[in-house]
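Engineer: Reassemble the complex: the two chains are provided individually, in unrelated frames, and hints are given to aid placement.
In the order they appear, the protein sequences are chains A and B. For what it's worth, the working numbering labels the leading residue of the first sequence as 365, then goes sequentially. For what it's worth, the working numbering labels the leading residue of the second sequence as 111, then goes sequentially.
Among the hints, a few may not be true.
Between beta-carbon pairs, the in silico distance windows are [as the list claims (entries may be wrong)]:
| hint | chain 1 | residue 1 | chain 2 | residue 2 | range |
| --- | --- | --- | --- | --- | --- |
| 1 | B | Asp327 | A | Glu1335 | 57 to 65 Å |
| 2 | B | Thr329 | A | Thr718 | 28 to 36 Å |
| 3 | B | Asn366 | A | Asp496 | 43 to 51 Å |
| 4 | B | Lys387 | A | Pro878 | 41 to 49 Å |
Taking lysine to any residue pairs in the SDA-like style, the calculated list, with each CA pair at most 20 Å apart, reads [unchecked claim]:
| hint | chain 1 | residue 1 | chain 2 | residue 2 |
| --- | --- | --- | --- | --- |
| 5 | A | Lys449 | B | Lys128 |
| 6 | B | Lys245 | A | Ile477 |
| 7 | B | Lys508 | B | Asp364 |
| 8 | A | Lys758 | B | Thr309 |
Not the full set, but computed from the structure, chain B residues with beta-carbon under 8 Å of chain A [to be verified]:
| hint | residue |
| --- | --- |
| 9 | Pro156 |
| 10 | Ile308 |
| 11 | Asp340 |
Calculated from the structure, these hints are not laboratory results. We put the CB at the ideal spot given by N, CA and C, even for glycine.
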Amino acid sequence: MNSLQVERGAEDVYLSRMSTGASYNDQGGAEAAVEAGQESTPTSSGAGAGAGAAFGLFSTDFKKNEDLKEMLESNKESLKLEAMKRVVGLIAKGKNASELFPAVVKNVANKNIELKKLVYVYLVRYAEEQQDLALLSISTFQRALKDPNQFIRASALRVLSSIRVPIIVPIMMLAIKESAADMSPYVRKTSAHAIQKLYSLDPDQKEQLIEVIEKLLKDKSTLVAGSVVMAFEEVCPDRIDLIHKNYRKLCNLLVDVEEWGQVVIISMLTRYARTQFISPWKEGAMFDENNEKAFYDSDSEEKKDQMEAKTYIMDPDHRLLLRNTKPLLQSRNTAVVMSVAQLYWHLAPKHEVTIVTKSLVRLLRSHREVQYIVLQNIATMSIQRKGMFEPFMKSFYVRSTDSTHIKTLKLEILTNLANEANISTILREFQTYVKSQDKAFAAATIQAIGRCATNISEVTDTCLNGLVLLLSNRDETVVAESVVVIKKLLQTQPTQHSEIIKHMAKLFDNITVPMARASILWLMGEYCERVPKIAPDVLRKMAKTFTAEEDIVKLQIVNLAAKLYLTNSKQTKLLTQYILNLGKYDQNYDIRDRTRFIRQLIVPSEKSGALNKYARRILLAPKPAPVLESAFKDRDRYQLGTLSHSLNTKASGYQELSDWPAVAPDQSVRNVEVIEPVKEWAPLVGKAKQRKSDEKFYSDEEEEKEEEGSDSSGSEDSSSSSSSSESGSESEEESSEESEKTSSDSGKSSSGSEQESSSESESQQKKKKKTKKAPQKKSKPAAADSDSDENGNGPVAPASSSSADSSSASETDSEDDSDSDSPAVQKKKSDVKSKPKVEVKSKKEVSLLDLDDFSPAPTTKAPKSAVLSSSLLSDLEGLSLSNVSPAIQVTTPSFGPVKTYELLHHMTGKGLSAKYHFPRQPCLYQPSMVAVQVVLTNSSDHSLEEIHIGDRNPASLNLHCFNTIERLEPEASVTVSMGIDFSDSTQAANFQLCTKDDQFSVSIQPAVGELFMPITMTEQDFSKEQGKLLGMNETSETIAMATANTSSQAISKQVLSVANVGVVSSTQNNIHRFAGRTVSSGALVLVSLEMKESSSALLTINTEKSVMASMLLRDLKQALAQA
Amino acid sequence: MIHSLFLVNASGDIFLEKHWKSVVSRSVCDYFFEAQERATEPENVPPVIPTPHHYLISVLRHRIYFVAVIQSEVPPLFVIEFLHRVVDTFQDYFGVCTEAAIKDNVVVVYELLEEMLDNGFPLATESNILKELIKPPTILRTMVNTITGSTNVGEQLPTGQLSVVPWRRTGVKYTNNEAYFDVVEEIDAIIDKSGSTITAEIQGVIDACVKLTGMPDLTLSFMNPRLLDDVSFHPCVRFKRWEAERILSFIPPDGNFRLLSYHVSSQNLVAIPVYVKHNISFREGSSQGRFDLTLGPKQTMGKAVESVLVSSQLPRGVLNANLNPSQGTYTFDPVTKMLTWDVGKINPQKLPSLKGTMSLQAGASKPDENPTINIQLKIQQMAISGLKVNRLDMYGEKYKPFKGIKYMTKAGKFQVRT
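Excised from the complex, chain B in its bound form (with noise of 0.2 Å):
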């Protein structure tokens, strides 16, 4: 399936490279290197490329792209999906993953691409059995091992690869038996120009922390379990007992994992937490705009709305802003013609505000087209869509747990139309 793996930088050099089968050169990377020069933007290179003996098929995390080189018939999103499992793997074990991550721990990179593919064919990609094979680098453990002699690799086949909870390993022990739910929803959201909701949508993520001895069986129920439309879950779930009862019961991977994602039903009215008052506008003839921005709480149900930012793709013609926020602080980028204007919380008694003029190319005729805003935000303690959970049982084990739940909103693609 997958032949050959390359990585290429922003400035397109390949750094790395793996091959599985017989080595493919890399000058085929030039096909992908002239649909990047042909795209204007990094990520308008498209992710199939086909050129005359292989297929490049490739991936943008990080600003690396991961070009993986297929040579026949494969279903693309089995390759992108993978491709996006092994940045995955590398943030999981290296923190960032960044060129220079990647670099510094080469073997540790090759150990882990040898282990996750074999043949072109996926081997091993669940976090918990790579750990048992290679262990994440670590200064200690750096150091222990130069010491010592002993090594990242394992010598046993991890015990979850034969099991049939292969996401986790077994022998886990902790002192403080932890686990943690934080349910994410974001709100995307289009805006248009009256202030209307043109489409609004909830999608949300239960992301779990979970450090418990031994072979924990959990159960969380919600209170409102009917709010969640459609669901993916981690492969730990029961399907079965979720379609009957709307309770998730599984055995947790050990650490950190999505155990959930969702998508509100549509008939729910999403509530949209800000408002945005604007007042764009280019006069014909003039080498003069205005720019006139406030924002201010909608529906926050009594909670803060904290690390706002705002930004806006300013026409090509704008040369400059000149701008004065009520509070926090505004970029403009006049190369990119992107505005950012990191507003952080909203105070409902004094709306946080940006107003001033934008300089225009003279001659320049008015643009077409109001730049659209885009904000990003975050309420804390809340679930926008009311999802709340009722509670976290555990069976299987003696010890009393520790249990905490974190709600949290975000914006998601949250777009205001001007």
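One chain only, chain A, in its complex shape (with noise of 0.2 Å):
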């Protein structure tokens, strides 16, 4: 035989292929005595043996299975793969083949990748079995691992991986790590997807997946992060804090990912989200947009009290997670667009839930499957939101064909969404539906009537006169279901019904379904003094009948009997005593027992207890009615969309969604962490790679922004007005790279600036960057000073104070530098506000490429003024400018050049001419000195040597030197920058400027606003301050303003030109303030101009520094008087 066959397999491989599904089933008998044979296996953890057991008792012929053993051990190639496809074959019917396991195995190593494949499926069915034998195939996995093919890598750690053999485990994870950090993104999605594998072979290696999990949740691969997520879900779901830094990431992702990850990885971030947001849902919270735009307008303040204000504003990546999974609505899968439903219906603040209600009205035309998981969830939702769908009642109603809980669900659907307005046409697509002829729809339909009539008074009576008339149907079960409808309806509101009762009543005879006659019945009892001749006369016809009835209507006898003793004994004594007789003896021992209470507690006798007083009270007490509510009412404890919500039971390993916190947790642990440079100009690739990121982050909320801009505006005219904005956005980006260059530019001309300042000023501006995104951010240390700084302690941290400032200091310098025609520049300025995006990017140009060229003024301030706009002009778009206006002028560079003071004159200086001018930068040199550039020129003929620094007066001053000048040559300049420690005083600093010839005495004066440094803080955080400084502290002057001055630009343009202080941005229009502190002790000062009628204002200024408040109070004084 065994000749036979394979002589058969090499003459005709071809043709045994065709007849393959012939030959299987010859072989059923064999494999399945097998199977009987080895069904101690641990492996089959369901119950019993499997049904191909039964074959067990046919033939047992073992030989073909030698057949195929042979033809696996023979060296032709064809036979082997033709032998293992029967095995699969085998495999497939679920016929055992174990026993062919050594001889599979040895082809493990083939070349041919289709009997591989093969062999692979034949591993995976039966290592767990045969552990031993599946170790020989091990080393081949290993060395698979190393193969250049990117393919081959990935299927030999699938396989590898699931081979169920505990003693490979230390393999795995070894695999598992590598894979992890393979090259190809495939790689290391298999790997994500081992990841779960060994976790349920060993549960004890959870620490170490976890760090696997953690390092692949950071690969930006779109390959990768379903599998991941999906493994997290599996390994760690709790290890929410994993997440955090990859949060936005995922968001941004997620609409590149394939449609399965994105399932997995939407119900992870709803997950999360509900644990790291505050409810978008607190009652009187204001949802509009203004408010969510509002919040990217203060984002260089703090913004905790934002949150803590009663208007509730949406965390910034909450929005970001809602923004990004709506495109998914339009998803051809259906998983896909429930998941992003389900997503929004526990996410999403309550008015935008609504966008969710097209799609799923959409899945409704999907297969049956579908329809029924979206109908159960719609369900659920009509009951909290009716609004969501009744646009879309129609789609619910029911067709004859729908399969009958699609029937079912739909009628629940159309009963939720039934209201005053609507209940007629309801009523009438119902009237149809009782006559349909799957009856059991039809009670269904009757039931659905009867809560509509609860739940809207105004039908009630038609609900009941149509239930009525249903009574004389003539089918069985819906007169039944009317009768119990109607008695749980008359409950509600007996009065006025005694004549349906009686109607009910004659129909009695004619209703034979058990649960309607007891209703009848125990209607009849209850409300027999409504009935009273009727009632005695029903209870003699049961007397008659009553041992024919069911059970369910004997009980109601002898409870209509009882009442009608209590009422009215004198005509149903006898009956009431014969009916307990007969119940007495009844074969149920539940009416026994019944009869035997009610006749204890009804007749009176001397043994009769206490009850008997009470009997009146027992049984014709007041019955509350009963609720007619959905079925699907309780299933909104359940997240939707998962198997736990369908089955409304709680299914293994469903994740509880946890409620809202009360309080936001920490925001800044999902920005992302960035190496902290040990310098703080150091550059750092790392934090361009992490900008790229962040870049993504605002470009998408920008587009987002535009999407639903044009959403708002209706889907009529929503084509033009987004193409216009993206047109408009298009030469916006242009004039924005135009600008930047000018900036970049002017940043060049001003040369000599030491590198350090402008790296550093590079490094500020990135945190500049970051501080904007996210403005709670702690981790660094950088800002967690100035966080110190703004709560009045804690020394100056020049850095922290920069970025904190609304650079209004630098914006002057710009101006300078980039020539006269400033309004030009300005003007290409304001245009770059409203793309962030390019700003963003040309900023990122800037910072990787420029590095050596910069002069530190100009790279500040550019980019901090586009960036701090861009926000405020998206905040703009479509709003109202009352809110947001005074915080405008702090962008605009609206004030003239700095004033530049003559040090050294060059007749004085014998040639050497010195200027200086106070760049408003924070020191770099000690954090309470004030910067200094000096501009040197040499307008003699010859050359100046070993130009420095000499000796100071009073020696005390605390100078920080430039360093020697070698070498000036005629006509040239240089320009140096040095510290100066004013110590809070104007006092002027007097220093010898020497050349190798030459000293001269020269002395800097500071302005008394040159010696603060901008701060930021919120209006609450400066009422909070000026209410901690009165008295001694505050000073004020009603001053004159000159009328040119009226504006809250020009009055930011001259205040800033006279003081270092940063704009803080005010909900009032006719109050400004500005808020800096003094660079040496940090003192704050508050300044603050109350406007008043005919050009005058109250000038108030609220610092510990009585000295300076008075002197600056004259210097602005003095400013605002003059046009």
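Structural biologist: Dropping the structure here:
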């Protein structure tokens, strides 16, 4: 036989392939027998033996497997392949082929890829049962893991991890770790899958696996994202902390992830969001976009206060999630659509949830099973939110071809949607359903009518009449259901309906369904006082038929008798006794019990207990009406779209959706950490990388905004509006580039600045951006500093304060440097605002490429102002200007060139001239110093050598000198920067400027306004701080304003030109606030200017440094008075 | 996620099983059979069935139940959608998805299932990727393989897996470059007794068959895109572009795919292409019923209504029907009480009608409800919503493709209550 088989195989493989189907059938007996023998294997987790065992009764022909074995061991590849195909056929049929294991495993290293794959299939299926033999194959996989072909590496890992053999756990662990770092994203994806497999094989590896998950979560490939989140969900769903850093990345990648991954990621993010954000559903909260955008406006301010404020402001990350999932509603994958829908249901503000409706209704066009699940979810949703689905009511009309459970669900939804306005339409529709041939469905409809009747009082009577009509229906179930529903309805309002009860009593003889009969009897008893004549008659009839009734009816007869006895004992005493006697000897013990109980209760006798007195109150107590409510009422405790929701029981592995936290957890955890440079100014590649993702974050947001805009304007004109905005942004892009160029040009022109300072400003700039993104971020030391600054204590950190700066001083500079065409530049700048994407990008280029030739001043300011304003402008889109207007002024560089002072005239300096100005930059050398830039020019005809700073006066003057300039050629000039600690006084710093041959005494006298550093704070903070600085610390005066200075823009310009302070955005139009702190001691300086009529204003300065205050007041007064 | 898959045929036999994790005994299907028994109709089997240790999620397609075994919480739609995708793939590979086809190609089926899921999580479901991994069996290829010893299984990672356009394989070559688009619209409607429309809506799809060389980038624009109310796209369509310009811009997959499905906004009145005059009555006390049905074209914009098929589930009390069609043929199945009338094309000059009597069970009372009439029809060269493709452009490749667009209107769930 064997040889025969081999022969056949050898000759005619192709033919046998054609007939495989038949040959499998033949083999049924043999394989089944083997299986029966191996039934005890621990693999079969289900109960009982496989169905195949039944075949064991038939012939036991092992030889066919023998023949396969021989084919496998032959050296002809085609034979082996043929054999493997047949083996796979056996596996597919659920037949046991485990005894072929040794023969199959030998082929694991075969070159033929199809054969190899089939061997893999076999291995995965049987390795668990034949662990020792399976180990033989391991080395092959280990080798394959090093294969240059990524596909082979991946499939080796797949199989290796699918072999459920505990011994190889360490090998698997190693393989997973290695593959997780593989070059190919496909292999990394496979390793993410392998994590789950290893975890289910050996849960002890959890810790190590979490490490791998953590690593893979950082992966930027969309291919990996879905799989690793799946692994996360399986292995450590509670380690929410691993998600923080990847949250934004996942949100942004989401659209590009493959569809299955999307489902998993969305459901994970839903859970995540519920733990991390505060509820958008708070009562009285405002959800309009204004508010949300106002958030961006305040980016440079303290946000926490706003969070605590009464109006709800959505966390930008929360918004990010909602925005990035929205396009997925258009997915062709129903599971994706459903998961987005549930995400919106659980996370979005109430008014936004409605956008999912259309998509859900669309899913109803899909397969029956999809409809079933979607309808279930809609049913739950429609209980809470009728309005969502009401416009689509007609989509839930039942068709005769729907399957029963779909019909019932649609009915459920229609009932949920019923309200005063649409009830007549719905009832008309229900009338058709009641006549349905599907009687179960008709009965369900009657119940639905009952529910509508109780919920909507206007139609109760109509419904009741309709139901009464149904009582004469020919169909039993319909009648019975009607009676039951009528009973419930009457119970809710029994007063006016004695007619109906009478009608039902008349129909009683024709009704045979026990439940219906029982219901009528109960009604009679309960309202016997309303039908005093009929009730005893019904009881009389019942006494006659008592023995023939169903149990449930008998119980009600006893009840009726008891109630009538209590109310009308004269007529019914005998009847009652008769019935009680019948009941006493009934077969059913329930009835016997009931009878005895009733007898003791109502019939007075010596023995009867204390209860007798209360019989009436017990039996005729008013009973609460039953509540007719949806079967889906309690389903909302489960997350929508889950298996648990579908089953209405908790499925194993269900992850509870947590309630919103009362207070939002720290948002900064989602900021992606950047390795802190050793020195602040050292440029880091890591930062640039990081910025990339940030950039995406913003650009997406921007695009979304556009989208939303078009949405709100209605789908009709959306195309036009969005396209116009597109074109608009393009032009902006150009102009922004241009302006970028000018600013960088200007940077180059102001030569001679040290590289340190430029990179310093670089890092500040980066930081600035980061703070902007998440102002609450505390992970960085510098940022932390700035926090402490704002609280009024701690040293002034120059970097931090600049990062918090609204960049007024630097603004001035750039204007200065970039020639006198400032109006044009300004205009460009304001254009830049609207396109944050572009801005960020260009900034990146700046920081990466132009490091060397940048003077500090221009670099910082251009991007700074743009970043700040970008959010502003987006805020302004379609909004009223009212609440943001003061903030705009910060960003428009509207004040004139910074004053330059003469330090040394070239006449006195023998050809050396020096001019200085205050760049309003934080000083690099010491935080307490004021930065001064000195421009040294040689106007003599010979070169000057060894320019340096000599003695100083007073000697204690803390001064940071510039490095000695070895040589200054004629007509050349050099800019140097120095730092001077003025100790918060306007006392001049005297020192000697020396050349090789001469010494010149010079002095720098600062204007009081230069001794400040601007800070940013919220309005609330401002007023809080101001409250602390009253009395002696307050200096105020009513000043006259030049008419030209009454606009808020002009005011800012004037104030900022005098003092290096920051603008505090204000909600009041007539009050302008500025905040700063003194450079040296860090004392807070708060300036507020309250506009009065007729161009006068109240200028108030609050600071501990009262001397400075009065000087500042004087300067400001002067500045504001002049046009 | 998905633990195991069982394929059950109409007679309740498990003819294929596949396990992705530890083997689950097929006895778990007993719970399914129980539910199947309880359900009167095959469609009434609940899609989700809980058992003590597992959950069974099933879909019914082509009279085969695909029963997935789940062990823990997973979105049920995830599984359902995947199972449907499996069926679609089988159909794509074997032409039909029948028990016989699956049994004949059991090895390919197994290879496919192996690639589609890894450890129960979907791995490759995109048809273009799968076809690179496992070539669809054709007789010719089977022959060649037997002779040359080559295989159906690809050795390289499919190009799509790593690319940004995973749905398209690279290196596609055709001598005739063609792109065909079928705009197919279906009317879902319920018409009440008096002939007025209770609800009507239009659902449309654009199915494409694209056979173009290289990496073409197509844009398809409509004359009246505002008709489209709610759309869902193939992943290849650039969503942003649609949002902004209402243009479909995409790099198509190779071969057949569904580009778009849409819903026409409910504001637009739906033209109902046919009307039905009916008179179906049962007289009390007599064992006879009258059946009289006439069809006529209504709003067809001058196009012929073709392939009309009328079906109706007559009440249980009907024993037989003795009818006389003016055209076409009718059948009545006395067991299922299903009446079908294959009308064919409606001739507006001579309206098709079906008249005659029904005999009822003696003594049975008159049925409460008249049967519902389901109508299927086709109208060629017209999209009932009026949707029109404006133009199709190709970028990125040099050759000139042959482009074709076809319109068709069909009746979807078109019911007339009587």
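Engineer: Indicate, hint by hint, whether the structure satisfies it.
Structural biologist: Hints and how they fare:
1. Asp327(B) <-> Glu1335(A): 57 to 65 Å: At roughly 60 Å between Cβ atoms, Glu1335(A) and Asp327(B) fall inside 57 to 65 Å, so the hint holds.
2. Thr329(B) <-> Thr718(A): 28 to 36 Å: Since Thr329(B) and Thr718(A) have Cβ atoms about 32 Å apart, the given range 28 to 36 Å holds.
3. Asn366(B) <-> Asp496(A): 43 to 51 Å: holds, 48 Å
4. Lys387(B) <-> Pro878(A): 41 to 49 Å: holds, 45 Å
5. Lys449(A) <-> Lys128(B): holds, 15 Å
6. Lys245(B) <-> Ile477(A): It holds: about 13 Å lies between the C-alpha atoms, which stays within 20 Å.
7. Lys508(B) <-> Asp364(B): holds, 18 Å
8. Lys758(A) <-> Thr309(B): Holds - the C-alpha atoms of Thr309(B) and Lys758(A) are around 6 Å apart, at most 20 Å.
9. Pro156: Holds, because the Cβ-Cβ distance from Pro156(B) to chain A comes to roughly 6 Å (cut-off 8 Å).
10. Ile308: holds, 7 Å
11. Asp340: holds, 5 Å
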